[in-house]
Amino acid sequence: MVASKQTEFTLTKDTAWCPGCGNFGIIRALSQALEGLGLKANEVLYVSGIGQAGKLPHYIKGNVLNTLHGRTLPTATGAKLANGDLHVFAIGGDGDGYAEGGNHFLHAVRKNVNITYLVHDNQVFGLTKGQASPRSDQGMVTGTTPQGVALEAFNPLATAITLNAGFVARSYAGDREHLSRTIQAAIQHEGFALIDILQPCVTFNKINTYQFYSSRVYDLDQEEGYDRTDRQVAWARSFEWGERIPIGIFYQTLRPTLADHYGELLKKPLVKQEHDKNYVAGLIDSYKIG
Amino acid sequence: MVASKQTEFTLTKDTAWCPGCGNFGIIRALSQALEGLGLKANEVLYVSGIGQAGKLPHYIKGNVLNTLHGRTLPTATGAKLANGDLHVFAIGGDGDGYAEGGNHFLHAVRKNVNITYLVHDNQVFGLTKGQASPRSDQGMVTGTTPQGVALEAFNPLATAITLNAGFVARSYAGDREHLSRTIQAAIQHEGFALIDILQPCVTFNKINTYQFYSSRVYDLDQEEGYDRTDRQVAWARSFEWGERIPIGIFYQTLRPTLADHYGELLKKPLVKQEHDKNYVAGLIDSYKIG
Amino acid sequence: MQTFNIKIGGEAGQGLVSVGNILLQAITQEGWHLFAHQDYESRIRGGHNFFQIRLADEPVATWEHEIDVLVALDEATVTLGQGELRPGGIVIYDPDVLGDEAKKLVDQPNCFGLPFAKIAQDLGQPKIVANAVAAGAVWALLSEDITVLHQTLEAMFGSKGEKVAAGNQKVASAGFDRVRELAGSRPKPAKPENPGARLLLQGNQALPLGALAAGLKFMSAYPMTPATGVTEYISEHGQEASVVMEQAEDEISAINMAIGASFAGARSMTATSGGGFALMTEALSLAGSAEIPIVVINAMRPGPSTGLPTRTEQGDLRYAAAMSFGDFPRAVLSPGDVEEAFYLMGQAFNLAEEYQMPVVVLSDQHLADSHVTVPPFDLSKVEIRRGKTVSGTEAGPDYLRYKYTEDGISPRLYPGWGEGVVISAGDEHDEEGHLIEDAETRQKMMEKRMAKQKLVEARALEPVLCGADEPDAMLIGFGSTKGAIREAVRILNEGGCKVQGVHLPQVFPLPESLGELLQRPGRKFIVESNYTGQLEELIAARFALKPTGSIRRYDGRPINAQYILDKLRGGVCGGQ
Amino acid sequence: MQTFNIKIGGEAGQGLVSVGNILLQAITQEGWHLFAHQDYESRIRGGHNFFQIRLADEPVATWEHEIDVLVALDEATVTLGQGELRPGGIVIYDPDVLGDEAKKLVDQPNCFGLPFAKIAQDLGQPKIVANAVAAGAVWALLSEDITVLHQTLEAMFGSKGEKVAAGNQKVASAGFDRVRELAGSRPKPAKPENPGARLLLQGNQALPLGALAAGLKFMSAYPMTPATGVTEYISEHGQEASVVMEQAEDEISAINMAIGASFAGARSMTATSGGGFALMTEALSLAGSAEIPIVVINAMRPGPSTGLPTRTEQGDLRYAAAMSFGDFPRAVLSPGDVEEAFYLMGQAFNLAEEYQMPVVVLSDQHLADSHVTVPPFDLSKVEIRRGKTVSGTEAGPDYLRYKYTEDGISPRLYPGWGEGVVISAGDEHDEEGHLIEDAETRQKMMEKRMAKQKLVEARALEPVLCGADEPDAMLIGFGSTKGAIREAVRILNEGGCKVQGVHLPQVFPLPESLGELLQRPGRKFIVESNYTGQLEELIAARFALKPTGSIRRYDGRPINAQYILDKLRGGVCGGQ
Ligand SMILES: Cc1ncc(C[n+]2csc(CCOP(=O)(O)OP(=O)(O)O)c2C)c(N)n1
Ligand SMILES: Cc1ncc(C[n+]2csc(CCOP(=O)(O)OP(=O)(O)O)c2C)c(N)n1
Ligand code: SF4
Ligand code: SF4
Ligand SMILES: [Mg+2]
Ligand SMILES: [Mg+2]
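Chains as they are written, first to last, in the working numbering: chain X, 44 to 333; chain V, 44 to 333; chain F, 825 to 1400; chain Z, 825 to 1400.
For the record, the hints were derived by calculation from the structure and aren't laboratory data. These numbers come from a predicted model, not from an experiment. Treat each hint with caution, since some may be false.
[As the list claims (entries may be wrong)] Taking lysine-lysine pairs in the DSS-like style, the calculated list, with each CA pair at most 27 Å apart, reads:
| hint | chain 1 | residue 1 | chain 2 | residue 2 |
| --- | --- | --- | --- | --- |
| 1 | Z | Lys1268 | V | Lys56 |
| 2 | F | Lys928 | X | Lys56 |
| 3 | X | Lys83 | X | Lys56 |
| 4 | Z | Lys928 | V | Lys331 |
| 5 | Z | Lys1268 | F | Lys1278 |
| 6 | Z | Lys1370 | Z | Lys1278 |
| 7 | F | Lys1212 | X | Lys320 |
| 8 | F | Lys1278 | F | Lys1268 |
| 9 | V | Lys172 | F | Lys951 |
[Stated by the list, open to error] If you only want the chain F side, here are some residues facing chain V, beta carbon under 8 Å, derived:
| hint | residue |
| --- | --- |
| 10 | Ile868 |
| 11 | His872 |
| 12 | Pro1047 |
| 13 | Thr1052 |
| 14 | Glu1056 |
| 15 | Ser1059 |
| 16 | Glu1060 |
| 17 | Gln1063 |
| 18 | Gln1071 |
| 19 | Ser1129 |
| 20 | Thr1130 |
Here a beta-carbon is modelled for each residue, glycine too, at the ideal position from N, C-alpha and C.
For reference, chain X alone in the conformation it holds in the complex:
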């Protein structure tokens, strides 16, 4: 069955992305990662937001829930709590995740549900034609920031580490092997895993291009002495953004997941559990008088 395994996650040819978009690198890496782990398409659920990134699940095989702009994380959380057998991905852009979805980002990290969150970080709102996102560099001129972006760019890695996320990584759409490997590690991590993926947007982001990244990124995993269990070190390192930009797993730690907290109840997928009429009958009886 090697043949079938290899084609489980083949990609659709016809996409709505611009030629050269970093999203192609991401979808190829994802496909490679899933096939590498020998997963079946019907075991995988992609919960997507709205944006260019959010279109990804429509170009690869698997279950899909295309939700609202900014709402991938709660929706993915609900789906995973209901059926722990599914491998659940939340997939969206940096606008989706860090602007509209910022509050869910904070609290999904805290909830520590066992899902993998892929953020296609192109540092702009792609689908709406290039406005500033929380990840845009200070000074970047866009349709909504003609005087240049005033705010410091949001640091998702530092924020996740501050919230004690169990798996915090950055990868790069231009490095398929690294990204595929990182996705596999994220899937294998028990708990919430964030991968912020540097994704060149060839149409709207003329600053953070392939060229920009290719000369800057270096792999943390290969840094001698880097200890990804040291939270403070990871936090500090996540601010490095200049001539050198680290990619890799910044921080990893195991914490009880939300499902663990539910104990016995979630030992078996909730959706496969029977309805206990007797318990309800007992509750009704507790109100009975006379």
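Model the placement of chains V, F and Z with the ligands on the given structure of chain X, informed by the hints.
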């Protein structure tokens, strides 16, 4: 006019708070801070959320905008941008600010508008009768968490520091002098200033009581060698929560505020600027043909 | 029907809910039917609140203005409550909490002072047990025999140890004896002959119980009065009932979590009130487009905005019916009482799953917080219909989530349950679930979805009628006005009018039969708790008919029969 | 009226908007009136999009199905566009982008191949200048003289340097000459005699321009198609127009920021589309309760949910009218065309400030993205009325923000402008603005607020009529169907029918005079771009009247006159 100054911010006797509530300490400290700075009630605007904390502005003199649960920060931001002459406070509970309002918290810090944000941190949802808030201790049993809170408590200080807030402080409702001093420093800080105020809720929080805090809090400002301009040190210190709990200004740095970014435009309060009909006439003309 | 009304007033934190609850239990145990409602402020301590119990020899479903016994735990109760006293009504007050002015007011033969706390303390009990003194005092006016009250105290406090129960009993006896002494022997309220077994519970218990009975598997919510009771109920029983109840960071997260769980195959719901509901509406539109079943309880309180958080109103009807942007199938249900609340929850889930759409259940503070005695719920009447689902084998590898079908309902497969994959989208999509741009598919998919709405409309829940069959006048309402309308109809018919009551358990889409009813001769009055007449508007929008008159209330207090009769002022039959 | 239609089709990123814009400018400059609309997919590159220009010798306000010139930048344009060609219509295509099948389709005498890119490159110009080749080619069918097109290119590209402009002109000439060669000399479209000065702009320019003219001071928004144009417009001009435009992290923040600024005294607005609007509705209820003026542009696109983000629909009307939970004063305006869009923005702000309430302006993708030539806007007609405001001195130290007044409008003081303080609340409040719990104040405050709604209703914007005065039939619509209805009415009347067009610039509350119009004899047809007939519903809700027939579209494409006529199929007068 000393007499009038002393009564500018006198408090209403009749409140809807429980006797002994930490909110009394906060309102007294606020009144003291404002009078100490010689402010006038009509120069001050309190933008409040919904919750027990959000009732505060109704018991002290000043302009008030009682908004929605969780929406103090954007509303205060809009008011301040429109009239920079107002001293604007955003006032709300920990549920208001870190649950419902979490996204605004992230981005208000980033925007760095010159407002003072007071969070009455009683570690529960007070007004709705004691459910867990993002600040509740792990394991705390409440109406919505009969098995105990599963999540690690949210660390607002570390998060604000991660987002490079310019003024990050914690104070304690039981220490009026400290709180009043800290509020004054926050008002005087140019930019967004957060004070997370430890506030005993005598009705619903039986863990984080006056007794709990009184034996634990110590003043960072009095720690020899503590350097509040060192971001990493501040971040690390903000996680200290046990036998000793630091209060004081954890981190302070000056960054351009959002108003600075608007440059000339906001040199004079927006609301006091005239409407420029000529500019509009010119715009219309730019579409004219024939 | 003979009724008897007890009103207990005091500050928040003084224990009036506790006095109320003791009495509710004992009164029911003793054999009466009852209806009890609450009025409280948006604060935790202080203020002026009350708990009002109406007991009767027949089932009752609304409250009365006039009071037979006023129990004053604070001064305000004496000042405010006196005017409501029926001739011959009795006041039991705590002299230790009254100021001089109030003391003058109670200087009357029907007013009896009992220093509740002092009595308890004198008997060596903690102050908090003063509640039992008050309960005992009231009991003396209800029964010659304190046994049932003692049993109730035993049942309620037994788990806290024998001493606690005994202490409560002792002080209750003291209160009981004292009032018998002061008030002498008086005729007692009439009792039903054979009341049988009854359940005693409130809307905020019946709704979640109905959800559990209907097989709820997942709930996520963010607290908001007056919906919090539902959330806390499911939190409390979730673990044992095999239900996940997860508190969310906000309402947007709450509904989207529930939608995610529902997509995965779990019966899911959330509960909130106006402001939180507003935040959920975007996701309701998603559920409409992606065809994901979801049930939302919106427990209404007076708006706009934060309004009066602890009072009642029916001001979200128009908004709930409009629901969200764009056109998509939906239903809005409006239980009128505790019993209906239980059964309608099952209907809500069935509708949501059979038509794969959002269903809103409109509750309100009056329904949520009122206690009532009802016939025991019949679990065998709760049918769980999950609609057109397919097994993995039936679905096969080429499953189409949005297959075009005649009735517009596409068979549902849960993701991961078969070889085929499930592709759902809020973007416009084709049968498979993938995104489309062309006009033809868009039109077909809209028509597929909206075909479901025709079915929902065709099987809309029928109006619940009472009173005259060929009436001269009709009183029409929805939600928690049901009991008030029913009682007004009874009184009017007893007075010789021919009046019919029409309660609408479903307000959107409205049943066709309502249009037929409205076309019959006779005057029509629409009764509702909002300013603009939102039900009236929905009826006009659907049937192009306007009523004869409107009875509305918008001061945050519940409508009762007397309110309706006062507003009608004879105009309903005879007269004008 | 004589019209001529040009359709340019291609992939996103191929520059068809650029071809379109060049032609729009030149056509207007040459003296025609025009209407141009766009159809594009929710993607940045690829797909199939078009830009369609209708020029005429009279003002035009809608589009036609039939095309005189089809310009194909891609293969799909040839395949899909052929059927729309008028007899004698011409196809200009790029042979280099066609496959064999498509090549067969263009193997006809009316089809002319021009390798746009190649022509540009052969003339030493970059590929991107191919757009000017296409523009020149079209121009050959419009005019004998290329001067105006050359001037246009100079005006558009002059700022990029002389060489760029000259290069564009050179290749335009090549396209022009080539088509004259291939197609020979043909009669040219008729021109207006004296067109005078016209503005050429689109809805997404007229709306923000109207806001600036009305004295906008503050805007905050989060991008969402098709409202983003408004946001980017204010971003671009804000600094110079003394307006703060701040991008928000989400729509909730956007509207609350704007409300904060408005409270502080700045005319404020936000703009969004369905999903974002849903997220804003909670704050609309706050604005209603706290009586804070706010204007929200909701640019509609087909829902439910994400739907078809770049297409058009009028499916949010019901939801916008319901607006939020609870009852509060509000208005919903619906500009029908670019000119009305400009002036209605001023009305929206005046309404919002005079009645201290939220006002929603419903735009849609068709209005937002369509270009049209209109008479120059008259700034002197834009009156800025900020309503009942008081100076600090007038207000005095005891200013009451919610003072009871006869008309329900309490004088507004901006915080910090006087000695008195301004206390505003979304919680129910007293005259001062402090929180209350009692029924009496609640009722009075509701009545004070709702008194304003009566005024809003009494001065609702009148229907805009066209066609016959005593008609046999009426076509009624709102928003961007205005032009289509107007044209259908004209055609029907020219055909001997007596038909009247009724456009509603205000859809909530509806003007009383609409009820009178509807009560006149004759058939009534309601025209709208949604599935369920939302305008029909609002009319029935208000006037209890149902129309004779409904003309609806819900495939995401705009209604035009032909669509209306096709649906009427003679039923409007004579016939059935
Ligand atoms: C509630 C809501 N607000 C706004 C939008 C419009 N919108 C769609 S995608 C998008 C931003 C896309 O940016 P990002 O999430 O970074 O994704 P990208 O396209 O860059 O991959 C926005 C603002 C929407 N669909 N829904
Ligand atoms: C949108 C919305 N959701 C929920 C509520 C209900 N609510 C009111 S106050 C509150 C929480 C209060 O907690 P916190 O903000 O910590 O303030 P506290 O009362 O503890 O001072 C909640 C959930 C609301 N008013 N609006
Ligand atoms: S706009 Fe940017 S992110 Fe979107 S598809 Fe094109 S290159 Fe990719
Ligand atoms: S409930 Fe807690 S926070 Fe609220 S007033 Fe009482 S003590 Fe204070
Ligand atoms: Mg992006
Ligand atoms: Mg709190």
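Item checked: Numbered hints the structure breaks, given as an ascending list -> 2, 4, 5 and 11
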